[in-house]
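Residue numbers (numbering that gives the first Met the number 0), protein chains in the order written: chain W, 0 to 427; chain P, 0 to 427.
Please note that the accuracy of each hint is not assured.
Put simply, identical chains are the same to the list, so a pair is met inside one copy or across any two.
Quick list of in silico lysine-lysine cross-link-like pairs, BS3-like style, CA-CA up to 27 Å [said to hold, decoys possible]: (1) K101 <-> K8; (2) K148 <-> K37; (3) K393 <-> K143; (4) K1 <-> K101; (5) K8 <-> K78; (6) K393 <-> K101; (7) K37 <-> K8; (8) K78 <-> K333; (9) K60 <-> K333; (10) K46 <-> K60; (11) K60 <-> K37; (12) K295 <-> K1; (13) K384 <-> K148; (14) K46 <-> K98; (15) K78 <-> K98; (16) K384 <-> K295; (17) K78 <-> K393; (18) K393 <-> K148; (19) K46 <-> K384; (20) K98 <-> K143; (21) K78 <-> K46; (22) K384 <-> K1; (23) K78 <-> K60; (24) K393 <-> K8; (25) K78 <-> K143; (26) K333 <-> K46; (27) K143 <-> K333; (28) K384 <-> K333; (29) K37 <-> K295.
These are calculated hints, taken from the structure and not from any lab test.
Number of protein chains: 2
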Amino acid sequence: MKQYVNPAKAEWWNLIRRPELDTLDLSAIVGNVFQDVKINGDSANRKYTQQFDRVEIDTFKVSQSEFDAANLSVSEELKSAIDVAISTITTFHASQLEKSTKIETVPGVECWRVSRGIEKVGIYIPGGSAPLFSTVLMLGIPAKLAGCKEIVLCSPPTTNETIHPAILYAAQQVGITQCFKVGGVQAIASLTFGTESIPQVNKIFGPGNQYVTAAKQLATTFGVAIDMPAGPSELLVIADESAVPAFVAADLLSQAEHGADSQVILVSDSQRTVEAVLVELENQVAVLPRQEIARKALENSNAIVLDSIDSCIDFSNAYAPEHLILAIQSAENKVASVLNAGSIFLGNYSCESAGDYASGTNHTLPTNGYARNYSGVSVDSFVKKITVQNVSEKGVQAIGPAIEVMAEAEQLMAHKNAVTVRLNSLNS
Amino acid sequence: MKQYVNPAKAEWWNLIRRPELDTLDLSAIVGNVFQDVKINGDSANRKYTQQFDRVEIDTFKVSQSEFDAANLSVSEELKSAIDVAISTITTFHASQLEKSTKIETVPGVECWRVSRGIEKVGIYIPGGSAPLFSTVLMLGIPAKLAGCKEIVLCSPPTTNETIHPAILYAAQQVGITQCFKVGGVQAIASLTFGTESIPQVNKIFGPGNQYVTAAKQLATTFGVAIDMPAGPSELLVIADESAVPAFVAADLLSQAEHGADSQVILVSDSQRTVEAVLVELENQVAVLPRQEIARKALENSNAIVLDSIDSCIDFSNAYAPEHLILAIQSAENKVASVLNAGSIFLGNYSCESAGDYASGTNHTLPTNGYARNYSGVSVDSFVKKITVQNVSEKGVQAIGPAIEVMAEAEQLMAHKNAVTVRLNSLNS
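Next up, chain W with everything else stripped away, as it sits in the complex:
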């Protein structure tokens, strides 16, 4: 990690920049796959699955016998762990369901909101060696709570022609409606247009590589919504001398192992704390299986000493981290000062991996500074809130004259007239 001691505020802009990504212009490649899937549906999917995943797929939909086989192959230990996560995630996300409350804005005018699950949602789960079943929980549970009717999961097939058993097990536990063995750009295109076997959806969620991210962006031009812009994972830890250096180092590494393009930031009011964490980092990184990745991420990463914890929080607000650990005394008292972050972890025992798996919060969070203008995924992400108004005779008499004046001032005379015909009928 690069070290900075009391950098001037004028230098902060440089320290809050994310590492430059080699972003390719993928629009031509992605656009071609979209056109092909739109026109040729599943046969295009067969071609791309053979080309990119090196697997021949006849039927994309996961069958009951594949689910049964998955259930047999997941260990009881992992099943129990998934149960714990389902319980905490469900408990917290259920609290996000909005109760409808009628508000009388003037006598005779009642307004309220009702929530409706987005009818059809798609969840993309990347392939690769590590099966991201935890993301199935993080997206499937709020989708189900929100009342989404169709929850469709797409994930690329492994070389043995199905989806990783842990993903299929998790999908069943949280009530995914259908799973399809298709990945990459073609999966996103299939969810956008629908194919013979894969339904079109209204909103697409989930992580992915640069191709999947570009495909999700393109999907938005065809009327499909997406969860949020994606970017590499990141963590900012604010630590004072009450922090346990070994814990802080372990948390920094848990972000750093995600990818060479991940970034971790340590900010402290104590040079001694920073030095102790750096020693622990060196000890712990040496024994990690993903050591090489973590070391690369640490090269992009900064350790910064500032004059006070308040300055550390100012810096964090400027950076707008996806994950923010407050490993400081009376951490909860500082939450009020945090303006921009995806999720906040308080004290020495709230490790970031708790939020990734089982504290109950969602791990799909805004990266790359998007915590300034986006929230993480929640039940809100899977519903539309529809406003309702009930205006009585008395109500239209109360607000009608004001509407007439405003509509006329906006030169919208038919808007005015819609009130006038009602007021006239009540006065006649």
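Starting from the known structure of chain W, arrange chain P on it as the hints suggest.
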């Protein structure tokens, strides 16, 4: 309006299609203005304002003396009407502020959400002959309630070199921070990059023509969020024989006058009701100042008879209207069946223009079928919700072993280790 009686369900796809728009590919034009504003700032804005608005602007920021002059020129009648709207809109939107509730997901693990206003937001108000001050209220009030610190308004200058007084009056009443006399693509570019005088913002709200819409889309590629995709306004009325035909006709016309590309749909279980509404439509359209626009919109519009009110609601759910009037008996009982709509208006006296101005609900709503996957603007649109977790020693002991198992199954050993170092320290 075109009439359809009991169209087969297989024909509905054709009836729920929006009128085709002549969408131009504006990406080159919009992209050039963005580059110019990014590099040349206010001097580019001066050039485009002269070119498109035919006005020479030296200082873009609206001065106190311009505000003072606006306050003098707005009539007391309009000021009182705006006061009514501010009161109802504030009352309803204040109810949307989320109270933070701590949830114990397992003993020792507390999770909750905190809301933070997006720090800097931009509000775009189009120019033209009709000053859309009502949109200033609909965007400014929730922004202020949400706690946004900078609320910047851009609107093109009129020929007398300032912004329409009703807009400036409304802006002051709701607490807009700064107003700028700049419109079109250059306004959106200025809010995206910032200029010498105009601050960069995190999220851009507000309506506009095709150029502004394309500019907002482009802004999202530079890290700025936007409210929602825009499209022509639309209304669907479900009427039974309890509906007052004159009221229904007035409501249909209040949408139709918005623009020749607007669409209105009447759906009923009664041929007699449809015929009575069509007679009223002809009577009322003849006396409208915007008669020509309204007649063009009616050409794009449909009157459909179906076998029951439940079928009418099914049709509406397939159409997903921006505005839905339920001019039917026991209208409130049918709200539960509505799945896709921006805002719902109940009974004979809830005219759509009530929601446009003063019932208290927001009038910035999803069009063009986006009610399937987007909500209208609310306080939620102006906040980020940040999750917080506080895991105690007891809490990490409760969920830690499950996290270790899941992290290992996802091959993220540093994630596992962040828990292990804590559990080890508690067991030692």
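**Q.** Identical-chain pair category, K98 with K143, by Cα at 27 Å
**A.** Classified as both; 17 Å inside a copy, 23 Å across copies.
Q | Alpha-carbon proximity between K384 and K148, which holds within one copy, between copies, both or neither at 27 Å | A | both (16 Å within a copy, 25 Å between copies)
Q: With 27 Å as the alpha-carbon cut-off, assign the pair K143 and K333 to within, between, both or neither.
A: between (34 Å within a copy, 23 Å between copies)
**Q.** Within, between, both or neither, where K46 and K384 count as close if Cα-Cα is 27 Å or less
**A.** Neither, since 40 Å and 42 Å both go past 27 Å.
Q: Have a look at K78 and K46 and pick one of within, between, both or neither, based on CA distance no larger than 27 Å.
A: Neither: 35 Å inside a chain and 65 Å across chains, both beyond 27 Å.
Q) When no copy is specified for K384 and K295, does a C-alpha distance of 27 Å or less occur within a copy, between copies, both, or neither? A) neither (43 Å within a copy, 32 Å between copies)
Q: Can you give me the call for K46 and K60, within, between, both or neither, at a CA distance of at most 27 Å?
A: within (16 Å within a copy, 57 Å between copies)
**Q.** Same-copy or cross-copy closeness of K78 to K393 [CA-CA at most 27 Å]
**A.** Between. Shortest inter-copy distance 22 Å satisfies the 27 Å Cα cut-off; intra-copy 59 Å does not.
Q | 27 Å Cα threshold - placement of K333 relative to K78 | A | Neither, since 37 Å and 42 Å both go past 27 Å.
Q) For the identical chains here, do K8 and K78 meet the 27 Å Cα criterion within one copy, between copies, both, or neither? A) neither (49 Å within a copy, 45 Å between copies)
Q) Given a CA cutoff of 27 Å, do K393 and K101 count as a within-copy pair, a between-copy pair, both, or neither? A) within (17 Å within a copy, 41 Å between copies)
Q) From the Cα coordinates, with 27 Å as the cut-off, is the pair K1 and K101 best called within, between, both, or neither? A) neither (54 Å within a copy, 37 Å between copies)
Checked against the numbered hints listed earlier, the structure breaks hints 1, 3, 4, 5, 8, 9, 14, 15, 16, 18, 19, 21, 22, 24, 26, 29; every other hint is satisfied.
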